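**Student:** These are the residues of each chain, in order.
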Amino acid sequence: MLEIKNLHAEVGGKEILKGLSLSIGDGEVHAIMGPNGSGKSTLSYVLSGREGYEVRQGDITYCGESLIGMLPEERAAKGVFLAFQYPLEIPGVSTMNFLRTAYNAQLKARGVEELDAASFLRMVRAKADLLKVSSEMLKRPLNVGFSGGEKKRNEILQMALFEPRLAILDETDSGLDIDALKLVADGVNALRAPDRSMLVITHYQRLLDYIIPDFVHVLSNGRIIKSGGKELALELERDGYESIVSSAA
Amino acid sequence: MSVQMAPKKAILSVAASRGDIEKPYLEACDRVFDENGSEPDWLKKLRRAGKERFKAHGFPHRRVEAWKYTDLRPRMKAPFSLALGQETPQTIVATAFEGISASRLIINDGVFAPSLSSLMEQSGVELVSLKQSLHDLPDWVKDYLELNTWLTSSPMPALGAALMQDALFMRIAKDAVLDRPLHVIYQTTANAAHYHTKCVVILEQGAKATLIESHVSENEQASFHNQGIEIEVGDDACLDHIVVEGSAEENLHVTSLNARLAQRARYTAMSAVSGGGLVRGDSIITLEGKGALAQVNGVYMLVGRQHCDNTIVIKHAAPDCESAQVFQGVLTENSRGVFQGKVIVAEGADGTDAHQLSRALLLSDKAEADSKPELEIYADDVKCSHGATIGELDKDSLFYLRSRGIPLGEAKALLIEAFLDDVVEGAATQELIAPVKKHISNWLKEHESQIMQEGLKT
Ligand SMILES: Nc1ncnc2c1ncn2[C@@H]1O[C@H](COP(=O)(O)OP(=O)(O)O)[C@@H](O)[C@H]1O
Ligand SMILES: [Mg+2]
Chain A
0 MLEIKNLHAE VGGKEILKGL SLSIGDGEVH AIMGPNGSGK STLSYVLSGR
50 EGYEVRQGDI TYCGESLIGM LPEERAAKGV FLAFQYPLEI PGVSTMNFLR
100 TAYNAQLKAR GVEELDAASF LRMVRAKADL LKVSSEMLKR PLNVGFSGGE
150 KKRNEILQMA LFEPRLAILD ETDSGLDIDA LKLVADGVNA LRAPDRSMLV
200 ITHYQRLLDY IIPDFVHVLS NGRIIKSGGK ELALELERDG YESIVSSAA
Chain B
0 MSVQMAPKKA ILSVAASRGD IEKPYLEACD RVFDENGSEP DWLKKLRRAG
50 KERFKAHGFP HRRVEAWKYT DLRPRMKAPF SLALGQETPQ TIVATAFEGI
100 SASRLIINDG VFAPSLSSLM EQSGVELVSL KQSLHDLPDW VKDYLELNTW
150 LTSSPMPALG AALMQDALFM RIAKDAVLDR PLHVIYQTTA NAAHYHTKCV
200 VILEQGAKAT LIESHVSENE QASFHNQGIE IEVGDDACLD HIVVEGSAEE
250 NLHVTSLNAR LAQRARYTAM SAVSGGGLVR GDSIITLEGK GALAQVNGVY
300 MLVGRQHCDN TIVIKHAAPD CESAQVFQGV LTENSRGVFQ GKVIVAEGAD
350 GTDAHQLSRA LLLSDKAEAD SKPELEIYAD DVKCSHGATI GELDKDSLFY
400 LRSRGIPLGE AKALLIEAFL DDVVEGAATQ ELIAPVKKHI SNWLKEHESQ
450 IMQEGLKT
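Protein chains in written order, with numbering that gives the first Met the number 0: chain A, 0 to 248; chain B, 0 to 457.
Read the hints as simulated data drawn from the structure, not as lab findings. Values in this document were obtained by computation on a predicted structure and should not be read as measured data. Every residue, glycine too, gets a C-beta built ideally from N, C-alpha and C.
Partner residues aside, some chain A positions facing chain B, computed with beta carbon under 10 Å:
no. : residue
1   : G48
2   : R49
3   : G51
4   : L81
5   : Y85
6   : L87
7   : L98
8   : A101
9   : N103
10  : L106
11  : A108
12  : N142
13  : F161
Working from the sequences, and respecting the hints, build out all of it.
**Tutor:** Here it is as structure tokens:
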């Protein structure tokens with residue numbers, strides 16, 4: 000589904016990803032763990048096509064197609080979704096209007112007929128209820144004045160709505176208390192499917208108690224230095240990044 | 000000392016060419032005087048005084064401080080001839096307010112066209128056309144004309160007084176609350192013409208009204224509309240004023256607005272400019288009565304070489320008055336937006352609360368925004384603030400929207416619309432906000448290529 004080979008990427012003229020390779024199969028959940036500054040968010044932006052994140056070497060193949068040079072909106076329409084570490088606040092654009100514009104834009108790009116307002120509203124309501132996103136929240140400007148937890152729930156609501164083939168979750172657990180974390184994790188787990196793969200980026204092992212990964216990778220200084228099963232997360236939690244980084248070196 | 004030589008020479012050369020530019024307009028004045036020999040003496044006098052004042056000053060140009068960013072003179076070189084109004088004008092239907100129930104007053108090339116207007120029986124409004132009732136003017140119109148406010152500020156209203164083919168006077172009776180807006184539609188149909196309009200709107204004590212002004216056009220060669228509007232808002236009266244300038248991109252349009260507010264009067268203005276090649280809105284708003292409030296908001300959306308200048312002077316002449324000016328615009332291609340906001344707080348106008356904000360979005364590195372806030376304060380207990388920002392669309396926000404599948408053009412339009420709607424919200428009643436928002440969203444749809452063109456400066 001996703002095949003990253005020897006990826007070198009630059010931000011602001013500085014090489015951040017230094018030969019990263021990763022392969023994700025259909026329906027698999029992979030976790031990427033790593034210390035702050037190791038390049039986790041950079042990887043998520045390179046995958047979603049953010050301007051200024053330049054691939055210098057290597058390949059990213061997604062569903063048999065190279066992602067390199069593809070516009071962010073094209074990637075989204077093809078099923079790549081990034082739940083942001085820091086979702087943007089956009090004053091003046093109501094959450095509901097944003098959701099509908101985005102949803103219809105994706106349908107249009109795929110050549111599917113747009114959904115009428117009433118059916119769309121019903122669908123959003125149903126999905127929002129599960130994530131305890133109130134209809135009042137949907138009327139508010141996108142993420143403006145939302146608490147940390149509300150923002151993250153809103154990200155997962157979008158994931159539920161857009162039904163991506165590849166979901167990248169960047170530190171979805173950060174800033175959440177335990178109840179909010181469970182709610183978000185339940186939302187994510189409900190979306191696990193044989194044709195949907197996930198890349199769960201986290202700094203702490205805690206999230207992986209709730210979203211249980213098939214594979215865990217450790218990212219350090221722009222490369223994956225160790226991969227394993229879900230037990231690797233526990234090992235990291237117990238021994239810290241230091242010991243793994245130094246033993247890999 | 001020798002340094003001063005050069006500017007002196009320059010002034011001389013300006014003075015020499017000045018007469019040339021003004022000449023056809025002064026000749027037009029003489030023609031109008033000749034053709035209107037049967038007009039009452041007071042009107043002849045007014046016209047002559049208008050001509051003299053215009054002759055003394057000429058068209059405003061860059062050396063006049065208030066016109067520093069908008070040089071009218073070179074634009075007036077175009078061979079415009081005075082429009083005299085058509086025998087049988089036709090209505091141009093397209094205005095943003097199509098579905099709104101209103102009394103529609105159509106002014107075609109400067110002449111009120113009663114046959115096209117729908118003067119719904121509206122109690123509380125008196126309407127007088129100078130042309131229609133020239134020899135039978137009611138006293139309140141005569142009283143108003145006695146004030147001669149047209150001859151006191153910039154030369155433009157004076158030129159208008161000399162050349163006007165008609166003028167509309169509207170008076171809203173004491174305590175009358177109009178159930179429908181008054182909608183004045185200025186249509187330009189004449190080619191390469193100049194025309195001059197005057198509207199006077201008087202709200203007596205406690206009256207409440209909404210005035211909409213739409214500018215539409217159907218001409219093929221650029222014309223020039225010199226507009227004058229005088230507003231008086233009486234004690235406890237309230238006027239909502241909405242302006243949509245949507246005429247062709249070549250036309251020139253200068254508005255001189257003069258508003259006076261009595262005690263606890265409220266005046267809220269909202270303008271949306273997307274039309275006109277050069278649009279100058281000159282407003283002087285005087286808060287004469289204690290506790291008056293003026294809120295003047297505007298948005299502008301420009302392409303090509305469009306130039307939009309909003310110059311506002313708010314005079315706080317009485318205590319406990321509030322004023323706010325908020326102007327926001329989006330500039331594409333080679334366009335230019337100007338905001339000059341001046342607040343004058345007179346001696347004794349304590350308890351003044353005055354705010355100004357100007358924000359411009361530059362979508363092209365060839366576009367330009369100028370902002371000049373000014374404060375002149377002669378009172379002690381005063382709260383004043385001003386802010387000005389010039390920026391680009393937020394890249395992070397654009398990426399967020401695009402990462403959700405919204406194409407770049409649509410993402411930009413969404414952010415621009417949010418930016419502009421923010422000014423429109425709260426500027427008028429919901430019923431009237433909707434058409435202005437529609438005007439904005441239509442503009443965005445029609446100008447996707449301009450928005451995209453030089454968008455991100457990476
Ligand atoms: N725009 C940028 N310009 C230069 N360096 C950047 C930029 N953005 C991020 N970096 C650097 O890239 C490195 C990786 O950052 P990031 O991917 O955010 O790490 P993580 O998400 O793992 O904490 C950091 O050293 C950071 O300072
Ligand atoms: Mg990060």
